[in-house]
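These are the residues of each chain, in order.
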Amino acid sequence: MYSRAYKFVVSLPPLLWVAIFLLVPYALMLAHSFWLVREGVIIHHWNLQNYSKLFHNPVYVEVLFRSVRIAVTVTFLSLLLGYPLAYYMSFHAGPRKDILYQLVIIPLWVSYLVRGYAWKTILGSEGVLNGFLQYLHITKEPVSFLLYSPFAVVLMLTHIYTPFVFLPLYASLEHIPRNLVEASHDLGASPCTTFLRVILPLSLPGLLAGATFAFVLSLGDFLAPILVGGPSSIMIANIVQSLFGTAYDWPLGAAISVCILLLTVTLLYLTERLEKRWSF
Amino acid sequence: MTLPTSSASANAAEETISAGTALLEVREVAKQFFGHQVLKNISLQVAAGEFLTLLGESGSGKTTLLRIIAGFEQPTSGQVWMSGIRLDVLPPYQRRVNTVFQSYALFPHLSVKENVAYGLRVTKVAESEIPARVADALRMVKMEEFADRRPGKLSGGQQQRVALARALVNRPKLLLLDEPLSALDANLRKQMQGELKSLQRDLGITFLFVTHDQDEAMALSDRIALLKDGALEQIASPREIYERPATVYTAQFIGQTNILHAEIRNGVATSGSLCWPVALRNGHALFSLRPEAIRLAAESATMPNPVTFHARVIQQIFSGASEQLELDCDGLRLRAMIYSRSPLSGEQEFAFSSADAIPVRNSKEPG
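Protein chains in written order, with the working numbering: chain A, 1 to 280; chain B, 1 to 367.
Read the hints as simulated data drawn from the structure, not as lab findings.
Take the hints with a grain of salt, since some may be wrong.
Said to hold, decoys possible - Cβ-to-Cβ under 8 Å is the rule here; a few derived chain A residues that face chain B:
id : residue
1  : A171
2  : E174
3  : H175
4  : P177
5  : L180
6  : H185
7  : L187
8  : A189
9  : T193
10 : R197
11 : V198
12 : P201
13 : L202
Unchecked claim - Every beta carbon over 10 Å from chain B, so not counted as near; a handful from chain A, in silico:
id : residue
14 : Y6
15 : Y26
16 : S52
17 : F55
18 : L79
19 : Y88
20 : I99
21 : K120
22 : E182
23 : A183
24 : L267
25 : L270
26 : W278
Heads up, the beta-carbon is just placed ideally off N, CA and C, and yes, glycines get one too.
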């Protein structure tokens, strides 16, 4: 087999990468979350003040809840859009499958910022949608709630993360042996029953993976609130960003980051376990 | 384990067909895939309680025909009827037909018990009735002790049994089996053949069985329908199809044979230096002569109408109970099978009964 020297040389780059770019920053973040800022200087004095500030200041708690609420909504809507699409493509698209797949994937190559600005153009008071509504005489004045609202954030994030939900779902649906569907029909189950009893249960691992993607990615998003969200839809990542930037309170920002990290890791751990139990 | 004795039940099956009680009737079914003719106007009837095998090489259309009967494919033309109901217009889930799939197709997310209960659940059989019927079905295939396992934890043979139980629990009138034994090793396959046959006889369910293995077809079937290039070559009991093959292809596909090209003149067929009496019109004809029909002339005392000939033994292969001989009869190569005896060599006198030279025709030209 391979010599020890060979194994060492081969495993060194990934180990270094993980250490330098993951473990050290995490350790620094964790350490900062227990330090303090006084008069613009970070004081290396260990304490729990940041965490108590976090839980006692209703602003942070409210923003955190809002972020979770937006992430859950985005996840739900992405599933609602992504599942029928994936199901249709996998089971009923026939030869159109490949071209539809490309159509779903292509937007992923377009910059996030470009897509954000596109939504600004569509939703703004001088935007495409308002112009259209007025042209049809459905509204007299521009509708203002479209842009700079949690609605716009949810819309934009759903648009961006639906392909992330679609991909694992589509993969897991493609993975279902077609003779299971035939067997189900053969045993007397209608297409609807077959979907509920065979296809849906067998696609749960993909559904879970997609939902996790959408939830985790939208929970940590800070560009959508900046581009289309406005003050009413500030998310937790925006607070972290400002604490590390203009507010210059790295310790508090680090404490919030640690909380989000814990939340995310717990979620990933749970879904991982569920996925294992549901995979066959 | 029981070995099939096919002739008695085959006769019964043929009688019931002539009495007009066919359970399944396939009428002029044709199927085209992308311009390719996979099935060419197949018509056949299956009697209630019969074990009918669709036999053929890969690409002969046997699986396509099965899938049309199950409802997974639509025929391009023709009809399928079962007990007075037209099947081919119904979706698969409305047909009282169940299938045992080649790769078993067990639901990986359900336990053995739940797999078997599936058909009962989705057809709204009373919940109180289900456990007993599932237990019965599992007992039938000797899988009671695996009821709570997932299919992934079972061997191929065990999965096969569960697939069988899952189909039989619905008490179908007709069970379709798509090469169900092909994934099993030889010993297990032999054992499952016996079990399948006795199950079929005990339950009285009609089996339509697809295989490419002629030995399996011979061992199990009441009748064999031999398919070639999407057309029905011959349909008959195993004994009849072996002893009286209608075509060259049938004779060669089922067992081994010698095909003799003969010229008939005034009631005598001549092929090389062989001549034998026939009751056929003058002209060219083909005959099938099984290797075991040829014997040493010295041992043919009891043979009716013996035709004797001299031939040189080119090769002798010992295979236990019998010997395979390769003979040269004035340039005509013949294969013979005789009971084991001491080595033969040089010129010998052989004989066959003229009744064993079976006239066969070429298969119909496709299209």
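Going through the hints against the structure:
1. A171: 16 Å, violated
2. E174: 15 Å, violated
3. H175: 11 Å, violated
4. P177: 7 Å, holds
5. L180: Since chain B brings a Cβ to about 6 Å from L180/A, closer than 8 Å, the hint holds.
6. H185: Hint on H185/A: holds, closest Cβ of chain B at ~4 Å, below 8 Å.
7. L187: 4 Å, holds
8. A189: Given a least distance of 4 Å, the restraint on A189/A holds.
9. T193: With a minimum Cβ separation of about 5 Å from chain B (threshold 8 Å), the hint on T193/A holds.
10. R197: 7 Å, holds
11. V198: Nearest chain B Cβ about 6 Å off; hint holds.
12. P201: 5 Å, holds
13. L202: Check passed: Cβ of L202/A comes within 6 Å of chain B, closer than 8 Å.
14. Y6: Y6/A clear of chain B: closest Cβ-Cβ about 37 Å, beyond 10 Å.
15. Y26: Y26/A clear of chain B: closest Cβ-Cβ about 37 Å, beyond 10 Å.
16. S52: Per Cβ check, S52/A is outside 10 Å of chain B; nearest 47 Å; holds.
17. F55: 42 Å, holds
18. L79: Since the minimum Cβ distance to chain B is about 20 Å, L79/A lies beyond 10 Å and the statement holds.
19. Y88: 19 Å, holds
20. I99: Holds, since 20 Å exceeds 10 Å.
21. K120: Since the minimum Cβ distance to chain B is about 45 Å, K120/A lies beyond 10 Å and the statement holds.
22. E182: 5 Å, violated
23. A183: 4 Å, violated
24. L267: About 24 Å separates L267/A from the closest Cβ of chain B, which puts it past 10 Å; holds.
25. L270: 20 Å, holds
26. W278: W278/A not clear of chain B: closest Cβ-Cβ about 8 Å, inside 10 Å.
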